[in-house]
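Chemist: Sequence:
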Amino acid sequence: MSLPVTPSEETQASQRTRLKFAFKPRVTIEIILIGSIVFLGCLIRLINGPQPIDDAYITYRYVENIVSGNGFVYNIGEHVLGTTTPFYTLLLSLLFFIFRIDLPWLSLIINTAADAVTIILLWRISKHFLAEFETPAPFEFVTPLLFSITAMSTNWCIGGMETSVFSFLLISSLYFFTVRNSAVLTAITASLAVICRPEGIVLLGLILAYILIFQRRGFLKTLLVVIITSAPWLLFATFYFGNLIPQSIIAKNSATYVVYNDFIEDFSVFWQLLADNPIGHLIGRYTSPSGFNTIMALMALINFPLYLYGTLKFSKLKDRKYLLIPGFAFAFIGIYGLSIYKTPSLIFPWYTGPLAPWLLLLLTVCLAGLWQHLRKLPKLLDKFVQIMVISFLIISVINQLHGYNNGRSYIKTRGYYEQAAIFLRPYLKKDDLIAAPEIGELGYFTKARIMDTVGLVSPEVLKFYPVPVSEQFAGNTIPTNLIIEYQPDYVVGVDIFMRNSLLKSLDFLKDYTLFKSWSDIEANSNKLLIFVKNSTLNK
1123 MSLPVTPSEE TQASQRTRLK FAFKPRVTIE IILIGSIVFL GCLIRLINGP
1173 QPIDDAYITY RYVENIVSGN GFVYNIGEHV LGTTTPFYTL LLSLLFFIFR
1223 IDLPWLSLII NTAADAVTII LLWRISKHFL AEFETPAPFE FVTPLLFSIT
1273 AMSTNWCIGG METSVFSFLL ISSLYFFTVR NSAVLTAITA SLAVICRPEG
1323 IVLLGLILAY ILIFQRRGFL KTLLVVIITS APWLLFATFY FGNLIPQSII
1373 AKNSATYVVY NDFIEDFSVF WQLLADNPIG HLIGRYTSPS GFNTIMALMA
1423 LINFPLYLYG TLKFSKLKDR KYLLIPGFAF AFIGIYGLSI YKTPSLIFPW
1473 YTGPLAPWLL LLLTVCLAGL WQHLRKLPKL LDKFVQIMVI SFLIISVINQ
1523 LHGYNNGRSY IKTRGYYEQA AIFLRPYLKK DDLIAAPEIG ELGYFTKARI
1573 MDTVGLVSPE VLKFYPVPVS EQFAGNTIPT NLIIEYQPDY VVGVDIFMRN
1623 SLLKSLDFLK DYTLFKSWSD IEANSNKLLI FVKNSTLNK
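For the sequence shown, position 18 (counting from the first letter as 1) is numbered 1140 according to this note's numbering, and the numbering increases by one without interruption.
Where hints are given, some of them may not hold.
[Stated by the list, open to error] In silico DSSO-like pairs for lysine-lysine, Cα to Cα no more than 30 Å straight-line: (1) Lys1534 <-> Lys1649; (2) Lys1249 <-> Lys1534; (3) Lys1534 <-> Lys1585; (4) Lys1585 <-> Lys1632; (5) Lys1638 <-> Lys1569; (6) Lys1632 <-> Lys1649; (7) Lys1552 <-> Lys1443; (8) Lys1569 <-> Lys1505; (9) Lys1626 <-> Lys1585; (10) Lys1632 <-> Lys1552; (11) Lys1569 <-> Lys1661; (12) Lys1626 <-> Lys1638; (13) Lys1443 <-> Lys1551; (14) Lys1638 <-> Lys1552; (15) Lys1552 <-> Lys1440; (16) Lys1638 <-> Lys1655.
Quick caveat, the hints were computed from the structure, so don't treat them as lab data.
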């Protein structure tokens, strides 16, 4: 026999039913919207297929050596940390060991999955801080939508770089720190971000500083988790490589790129990022003869007050932890700016790609703040400003789609070093040494011993830098004395890297013979050249 239901119980049950029904449609719409954005982001990445850039193949070669039991090495027997992304390398190694699928495709799948989760986390973060602004619900989808289609993310996702996983770890740290308020998960993800890329130390440092200044009680606990998470890699790297600093960072701070000495030109990758929305891609084609985009720089300067306004709005939120967003963005830019001001170097776009979602969050809070002020305006002006804000978002979406060719990325694997590797393979003997300034595809497809003439995996070459002024032509110029001293069996490179050095050296031309060349390989150079040492040719 069932017990009679009291009127109060009936009322409570009815209220619960109505409450559940009332919230269900909105939750369903939110899920559909964010699901659609995730689908769009995955689609635009996967339809392009993998297009690994040369540096990605350096990571792939490390992965193959790890899985084959040769150790964490680029050249077998040489314990040199030539990658700045050990976490990504180990993650790829684990999944490659399990699934044994094509590495470029494996990296694309991992990167796409990381970006998909990042999109969801950006939505949750936006939803959390926008609650104070009482903005319309669509505002919480601004950052996820623009991030899902931005070429700043997509290009390096399909390019096989660690950018997507690094971005995921950074945004995860922000999510656990702000939305979840979990010191442990924040410390774990921030520590892994540092192991994924050294720039992660910026976010970890800001988080620890915030906890020490404003919370105090949780500082030692957070620091302990950081130590526990980081210790295995730090101990391994210290004993295995003898150095915690990747060789690639040491090389780039050893005047290997001395021809890049214009701070404004070097900083141009940040102009592009700061001007990305609403019209970065639309104006990207308008460059000066030197390649510097004056309009892009001007747009970045115009946008800068918007980012400052976003910072002001974050500072007025009840939860001060959201100041981490502008704090990280400006610290990231400032540290890179100081670095290239001190040491001329190349700043590649995938270095700055992880900054994109942080700037989008700043942009979102800026738009939300403007929307919040609309209530104080006359009705006619209110409508006008609403139209302006909506137009800004529509133009931003159109601008991002302009970064593609009918959905296809402009990033393509070059391929000519793979051709050179295929050509060389039948001639290579076990101990042959190839010297080259761009080693990714060449090393991956030949499996030969490689001497990296810019020192990313070959620390012994740094004594030949800076290159004599008379030999300088391009950033990867091969020093003549390096080749004369080490006498590699083959020298492979684009002609601009040899034009004022090897190709003008009588000693080099006496000892080496042009073995093969490819013409018209890219816009800025004429030929890819393979030289063979005469004694190797006569074996």
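Chemist: Determine for every hint whether it applies to the structure shown.
Modeler: Hints, verified against the model:
1. Lys1534 <-> Lys1649: With a Cα-Cα distance of about 19 Å, the restraint between Lys1534 and Lys1649 holds, given a limit of 30 Å.
2. Lys1249 <-> Lys1534: violated, 36 Å
3. Lys1534 <-> Lys1585: Cα-Cα ~34 Å, so violated.
4. Lys1585 <-> Lys1632: Holds - the C-alpha atoms of Lys1632 and Lys1585 are around 24 Å apart, at most 30 Å.
5. Lys1638 <-> Lys1569: The given pair, whose Cα atoms are some 19 Å apart, holds under the 30 Å limit.
6. Lys1632 <-> Lys1649: Holds, at about 21 Å.
7. Lys1552 <-> Lys1443: Judged against 30 Å, a Cα distance of about 56 Å means the pair is violated.
8. Lys1569 <-> Lys1505: It is violated: about 64 Å lies between the C-alpha atoms, which goes past 30 Å.
9. Lys1626 <-> Lys1585: The given pair, whose Cα atoms are some 21 Å apart, holds under the 30 Å limit.
10. Lys1632 <-> Lys1552: Since the Cα atoms of Lys1632 and Lys1552 sit roughly 25 Å apart, the hinted pair holds (cutoff 30 Å).
11. Lys1569 <-> Lys1661: Holds, at roughly 21 Å.
12. Lys1626 <-> Lys1638: Between Lys1626 and Lys1638 the Cα gap is close to 18 Å, so the pair holds against 30 Å.
13. Lys1443 <-> Lys1551: The given pair, whose Cα atoms are some 58 Å apart, is violated under the 30 Å limit.
14. Lys1638 <-> Lys1552: holds, 21 Å
15. Lys1552 <-> Lys1440: Between Lys1552 and Lys1440 the Cα gap is close to 65 Å, so the pair fails against 30 Å, i.e. violated.
16. Lys1638 <-> Lys1655: Within the cut-off at roughly 13 Å; holds.
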